[in-house]
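Chains as they are written, first to last, in the numbering used here: chain D, 150 to 602; chain G, 16 to 495.
Careful, some of the hints might be misleading.
[Stated by the list, open to error] Straight-line distance between alpha carbons at most 35 Å, and here's what the computed DSBU-like set of lysine-lysine pairs gives: (1) G:396 - D:159; (2) G:174 - D:159; (3) G:489 - D:183; (4) D:412 - D:371; (5) G:272 - D:213; (6) D:541 - D:602; (7) D:254 - D:267; (8) G:71 - D:267; (9) G:489 - D:213; (10) D:398 - D:443; (11) G:80 - G:396; (12) D:371 - D:281; (13) D:536 - D:267; (14) G:194 - D:602; (15) G:71 - D:208; (16) G:80 - D:556; (17) D:364 - D:412.
Please keep in mind that the hints were generated in silico from the structure rather than gathered at the bench.
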Amino acid sequence: MNAVIVGCGKVGTELAKTLVNDGHDVTVIDNDEKALEQAAEAIDILPICGNGADINTLKEADLKSKDIFIAVSPSDELNLLSCVIAGSISTAKTIARVRNPLYSKETEFLKNKLGLSKIINPEHAAALEIYKLLQYPALTRMDSFANGKVVIFTVHITSEHPLLGKSLQEVRGITGSNILVCAVERKGEVIIPSGNFVIEDDDAISIVSTLDEMKNLFRFLKVKNKAAQSCIITGGGTIAHYLTDMLLKKGMHVRIVEINEDKCQKLSEVFPEAEVIHGDGTDKAFLMKQGLGKVDAFVPLTGIDEENIITATFAKNVSDAKVITKISRTDLNDVMDELHIDSAVFPKFICADIIAQYVRAQSNGVGGNVETLYRYLDNRIEILEFKAKDDKDIVNIPLALLGVRLKDNMIIACIVRDGSFIIPSGKNMIKENDSVIIVTTHHGISALHGILK
Amino acid sequence: MDISIIAYVVGMALSIEGILLIIPVICALIYGESIMPFILTAAVCFAVAFPFTGVKPAAGSLFSKEGYVATGLTWIGLTFTGMLPFLFSGSIDSVYDAVFETVSGYTTTGASILTDVEALPKGVLMWRSFMHWIGGMGILVFMLALVPFTGGTQMNIMKAESPGPSISKLVPRAADSAKVLYQLYTALTVVTVLALIALRMPVFDALCITFGAAGTGGFSVLNSGCASYTMAQQVVITIAMIAFGVNFNFYFFLFIKRSKLAFKSEEVRWYIGIILASILIITVNICSHGVYTSPLIALKDAAFHVGSIITTTGYATTDLNLWPNLSQGILVLLMFIGACAGSTGGGLKVSRVILLAKSYKRELAVALHPDIVKKVHMDGKPVEENVLRNTGAYLFVYLVIFCISVLIVSMDGESWVTTFTAVAATYNNIGPGFDVIGSMGNYSSLSDLSKVVLSLDMLIGRLEIFPIMLLFAKDTWRKF
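Generate coordinates for the entire structure from the input sequences, incorporating the hints supplied.
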């Protein structure tokens, strides 16, 4: 497909990289020539210097021949305006990034009135991810499929772990829960395991199951998994805004530390139930005074990554709180693994993932479209959910037969049929309208048919 | 600096050269000549390339430094392998001469040391002309179109090999851009060949002459150059030469039916303007000096040579030494201006001349109003300051290299016209100059030292200085 991206910042660049790797042709528009040059040096894109809402610039980008138009510049208004203009001079699907909480309430209205295909709000998505992790503090990452019925999560194996030295065939019997290990990260390598794979010390295993089965497993592993009841947030930006809203609705105790007094005033206007504290959220003594030692969760959300990382490390040392750190930069994810600070949330990656998922769903593939896409372990594995269509190469074939025709490094992790969850064995088969979840190290699969050799 | 990716690129380019030798092999088979020189050369290409291409380098290791170095080394590698058919077939005895002839071929110069072209085997002649075609658009651009590379770094090769002050892609992917360029190039080539064949030119001549015109090279297959072709054939060659000197973006925009954008190009308009003005002045000049009696023939020859020189092709239909000084002077000026950026031609490039002229105009404005803030515009868009800076620096280095070359070649003791135009004609990739090395003469009488210097000039001129000069810079070879 031909895509145009307006905005060559972190999200725009990350997105361009994703789309180019998925095999699409990408044109990037920005008025910063330097940024474009740097991006074009590393990624195979066509850079065009200009304003994304300028009709001449859009004509220069040959918008008429494009299929998808994505506006991710820093300005919500520019994004909306350029999508409206793009929509009026071409048939491309338009996607705008809109972050302002004020507009976020009118997302549907804006989308319909302005004729956009999609509005994405990565800050809101990041807040949602943090919110989910606060419900299950034992997890470092959790994603859901099939409207939340199926979840995928990661468990770290330590010495004396009950699953240590067990093969995957035994796991289900031992734990008494209906789960499937779909990927293992071992010494920096990603493995898609088979049944006789043996779990070793320091593995990170990714598991697919339902929420109930996950709780079962936690009971067996004796993992404490009580949803957080109180939370300290440092930095009162957009994500903090969305997150506070969600946490308060859940009835949690929220304390926001913000250094800017005006922002504090605003927050306290919007969230009367929250405790808004005016002070420096990077000051250790100050944080201790705010009860960091006893709180259930600590979420640093300031605009500076380094401060977030440092306060997160400090919090890990002085308390048992669940720590979830926001990282804006996209080049730090491999460093994060070595820092051992519970969970990190990357709004830019989330945004790129959402759009990549949308673009793949548009490609109208054979056998069934991509419904959901998550990328794990530095994008080395992709977990995809497809809606199965009537494709005689896929449906109604026992998986024992289908299995030999699958590409290497690919497993069918689970099938969801009429709301029930099936960990597939050789006898099961995919039926029409099933949700099929695939785990693979291949990139860019856009249709269920693509899983076959 | 990542040596592995450079080795890979050079190896791939040599392999492609080995495969392209199939063209002269077919030609030699048709004329019943020995194909051994080409088979042996191909074997050498593959043998040299094999250890280089074995390991696929890591993605994303090709930065602009590696791009320049890989391009410079590739072209030097091509020279030393491309000359083997001349040596193996016994067409040329001296290694210096073979290097000169090969560099002249690949850089689309068309300067020759051969005194009797017609005595060469047809296969060798075909290879000689075909080198023009490969060198015109560039073998690395060809490689980009064929060999999949990962990462967005292919542009660094394209930038290093393609001529012009700022190189842009036509379509989002570099590989697709390279493909589009070669598709346009091939299409224009086929049209020219068919036109010449339709005008009853022998197929062999039609192919060789078209390869020369397409790459803006200028090797001919007859001792008389293009003089013995018919009027109609010469007109077709004129049009072809001028067409290949146009920026290929122009054809791309025409092709995708955005002719408004195509004709917006200031460079193309200046290029056509310069050509028309030159033809007019020269026609009047040669007629009034009584070189020609028929104004029509004068117009045809004026157009042919203006097209031939400004595009840096170097075909000739007559002895230009007989032309009056003004006409010769205009042709020497055209040598320096050269063709459009992004074409197959050489020289300074019309776009650089425009940028320099506009910078000068800006300096005038600054002299009048010292506080004025003024941007230079091109095609209705402001030009980045670093492009202007680069163009100024380019002109300086260009002139320095030119002067040094003239000094070295002048040691041969030839006339000043010979010395000056020899350097101008090789450095700008034209071919023939004036006097001894004029359109009906050749470079065989120069010393070996001069041939080496001129060979280097041709390479430096074709690759626009930096890829070759960087090979000699100490900093290039530092690890860090």
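Against the structure, the hints:
About 27 Å separates the Cα atoms of residue 396 of chain G and residue 159 of chain D, which keeps this hinted pair within 35 Å; it holds. Of the supplied pair hints, the one linking residue 174 of chain G and residue 159 of chain D holds, its CA atoms being roughly 25 Å apart against a limit of 35 Å. Between residue 489 of chain G and residue 183 of chain D the CA atoms are separated by roughly 28 Å; this keeps the pair inside 35 Å, and the hint holds. Between residue 412 of chain D and residue 371 of chain D, the direct Cα distance comes to roughly 42 Å. Violation of the 35 Å bound is thereby established for this hinted pair.
In summary, the hint linking residue 272 of chain G to residue 213 of chain D is supported, as the alpha carbons are separated by about 12 Å, within the 35 Å threshold. For the hint pairing residue 541 of chain D with residue 602 of chain D, the CA-to-CA distance comes to about 15 Å; that is within 35 Å, so the pair holds. A threshold of 35 Å between alpha carbons decides the hint, and for residue 254 of chain D with residue 267 of chain D the separation of about 14 Å falls inside it, so the pair holds. For the suggested pair residue 71 of chain G and residue 267 of chain D, the alpha carbons sit about 41 Å apart, so the restraint of at most 35 Å is broken.
For the proposed pair residue 489 of chain G and residue 213 of chain D, the alpha carbon gap of about 49 Å is over 35 Å, so the pair is violated. Using a Cα cut-off of 35 Å, the hinted pair residue 398 of chain D and residue 443 of chain D holds, with the two alpha carbons roughly 22 Å apart. Distance hint between residue 80 of chain G and residue 396 of chain G is fulfilled; the C-alpha atoms sit about 29 Å from each other, no more than 35 Å. Distance check on the hinted pair: residue 371 of chain D and residue 281 of chain D sit about 20 Å apart at the alpha-carbon level, within 35 Å; holds.
Proposed proximity of residue 536 of chain D and residue 267 of chain D is supported: the alpha carbons are some 20 Å apart, at most 35 Å. Straight-line distance between C-alpha atoms of residue 194 of chain G and residue 602 of chain D comes to about 29 Å, which keeps the hinted pair within the 35 Å bound. Restraint check for residue 71 of chain G and residue 208 of chain D: not satisfied, since their Cα atoms lie roughly 39 Å apart, outside the 35 Å limit. Distance restraint check for residue 80 of chain G and residue 556 of chain D: the Cα-Cα separation of roughly 39 Å exceeds the 35 Å cut-off, and the hinted pair is therefore not satisfied.
Of the pairs offered as hints, the one joining residue 364 of chain D and residue 412 of chain D is violated, with about 39 Å between alpha carbons and a cut-off of 35 Å exceeded.
Checked against the numbered hints given earlier, the structure breaks hints 4, 8, 9, 15, 16, 17 and satisfies all the rest.
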